[in-house]
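Asker: Using the sequences plus the hints, can you model the full thing?
Chains as they are written, first to last, in the numbering used here: chain A, 33 to 390; chain B, 33 to 390.
I should point out that these hints are in silico values taken from the structure, not numbers from a laboratory.
Among the hints, a few may not be true.
One copy or two, it doesn't matter: identical chains are merged, so the pair holds either way.
[To be verified] Pairs of lysine-lysine, DSS-like flavour, derived with a Cα cap of 30 Å:
#1 K375 - K256
#2 K163 - K256
#3 K211 - K277
#4 K163 - K250
#5 K318 - K375
#6 K375 - K326
There are 2 protein chains.
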Amino acid sequence: MVYAVIMAGGIGSRFWPQSRESNPKQFLAIHDENTLIRNTLSRLQGVVPDEQVFVVTHRRYVDRTREQLPSVPEENILAEPVGRNTAPCIALAALQLLARDPDAVMIALPADHVVRNVGRFHKALQAAVRKAEEKDTLVTIGIEPTHPETGYGYVQYDSQADRNGDDMEALPVRTFAEKPDAETAERFLDSGDFLWNSGIFVWRADAILRAVQRHLPKVFRAFKPLRNALGGPQETEAIAEAYAKSPSISIDYGVMERAEKVFVVPASFGWSDVGDWTAVYALRKKDKQGNTLKGNAILNDSSRCLVDANQRLVVLIGMHDTVVVDTEDALLVCNRESAQQVKNVVDYLRAHQLEEYF
Amino acid sequence: MVYAVIMAGGIGSRFWPQSRESNPKQFLAIHDENTLIRNTLSRLQGVVPDEQVFVVTHRRYVDRTREQLPSVPEENILAEPVGRNTAPCIALAALQLLARDPDAVMIALPADHVVRNVGRFHKALQAAVRKAEEKDTLVTIGIEPTHPETGYGYVQYDSQADRNGDDMEALPVRTFAEKPDAETAERFLDSGDFLWNSGIFVWRADAILRAVQRHLPKVFRAFKPLRNALGGPQETEAIAEAYAKSPSISIDYGVMERAEKVFVVPASFGWSDVGDWTAVYALRKKDKQGNTLKGNAILNDSSRCLVDANQRLVVLIGMHDTVVVDTEDALLVCNRESAQQVKNVVDYLRAHQLEEYF
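Answerer: Here you go:
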């Protein structure tokens, strides 16, 4: 059977002041009226039934996750005692799935992305699942790039492989590339065989575990003892021990870049990782002046602005390309080009122990 | 004796969201830690004792004015039932002074200006008072212009008149000019004999009343019956009647531009009428990046900004030449060049009956 594992570990500080340690990105309704994690679950409908959906999140977010996803069985919300990047998260989920179903196929996907064309998203998943049913095959979804984005990692497929026209199909991966500089991103775009790395993976649970065992033996050794503890009274303690022992590493870097039978399904389904307020601006509907507003806002002689008002009336005069996000206790006013720097401010707040604000 | 009349009738909507109908500009501490009206009183010390200071304000601001100026006798706070520009305000004050002192010399000055050099301000007032002691002489203070400002009216003095070097002395006025366009303002500056019209006047109470009688007979007729009612049980009613009958007109336009013995004392004492947030920016101390901050604000990669934070933390990233004023229920984000337009927003709020915000 096919299962989904929603990875909801992040705290998304780039969406400060809306995102806080107590209210990370996946719980924000930054794109439409629903939270990102709820939309992530919704768009799996038709591919994976809710009772076969699992979520891995930090233990402090378990309750909020249950509130947000009441149709997901409570026992499917897996708590991490500490964030250790994606490899441990996936190892934990794979072990859980195997305990339930030795033939489990697992779709692992982030909780905080946006997809606009769900039909095409489903087709890509189905193509990936078909490929992943082959023994020890690891599949990722690659997004056909629309511009030379420097904020994403890339996957290059083997352009020698036959492609059946437009149909989504799994192609052998030649290489993975980290976030490129602007020049390299241009080159990637021109090449035609580089795709954006979506962070969405499909594999059999046993296959990814074997790959972890081979390429990330330390992670494997940390998690191996869990096999006997899962479902038992020692489960929480065993998980805490596994995370304490495991290194922090991504599945991309730790496994995908090193494994052999790695495939990518090239797809385009209106995907965005919604990395910062500028990405939110790009996603939202704009008026004639290019402004996009939520809440009680009056704009005068202003254009290309994003305003998220909250309780207060927000007035902009003569402002352009500006992000204004107002919350009860903090306000952000930011040039659209500077949205990435929001993270630095949160780092500053942390460094200065201004707990009330991060 | 010399008296001061502080004109505190305005509602100063250009300082929205700090200024409100319930909290007009004169009650704001927009320049330093004191309200503008309190500073206006303080800077009269040494020229006019507090018990000889009068304030004319809208009746709704009488209590707040008393709170702000506890050293001014309560009976010196004169209530206007409605704003009718400066001519009625001055007629009322002149009648009150005459009832007390037939030789009263009156310094009339706005409540919401800023003066940085109080010593030179005093010298200018003293020169004006000396001149105003001559029969039927009306004196205004003119500010030596430092730039071709289009936001002020101008006064031209008679350049044929002898000037004693740097000493402040009263010179005959040749003409008054309304706020000029940019080109005209340049010409005024180049001419050397145009001064900014400060709105500060000095005259004998009887002299200005005679001038009102001659040049604004309708105003005079409206206020004449007050002579007998002042101090009596019908005072409030009589004042209400006078204002109801009086046209709304400024003393500049109604009297100064038409009268004969009009003099100006050219002076420079760091004066500003603090007309909008840009003027506040100009007045405040700036850091190396040209930013000036009040309250809890963090600026990153930002320059030449004015931030007035209130309860909330305010964060600016990549912002330049921006005014951010945060209050409990409303927030302004404004380009410094657009500060004049704040008034339009308040007009909009009024037109849309958004009472809670204006």
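Asker: Next step is simple, just say for each hint if it's right about the structure.
Answerer: Quick rundown of the hints versus the structure:
| no. | hint | verdict |
| --- | --- | --- |
| 1 | K375 - K256 | neither (35 Å within a copy, 68 Å between copies) |
| 2 | K163 - K256 | within (27 Å within a copy, 99 Å between copies) |
| 3 | K211 - K277 | within (29 Å within a copy, 75 Å between copies) |
| 4 | K163 - K250 | within (28 Å within a copy, 94 Å between copies) |
| 5 | K318 - K375 | both (25 Å within a copy, 26 Å between copies) |
| 6 | K375 - K326 | both (22 Å within a copy, 24 Å between copies) |
Consistency with the previously given hints fails for number 1 only.
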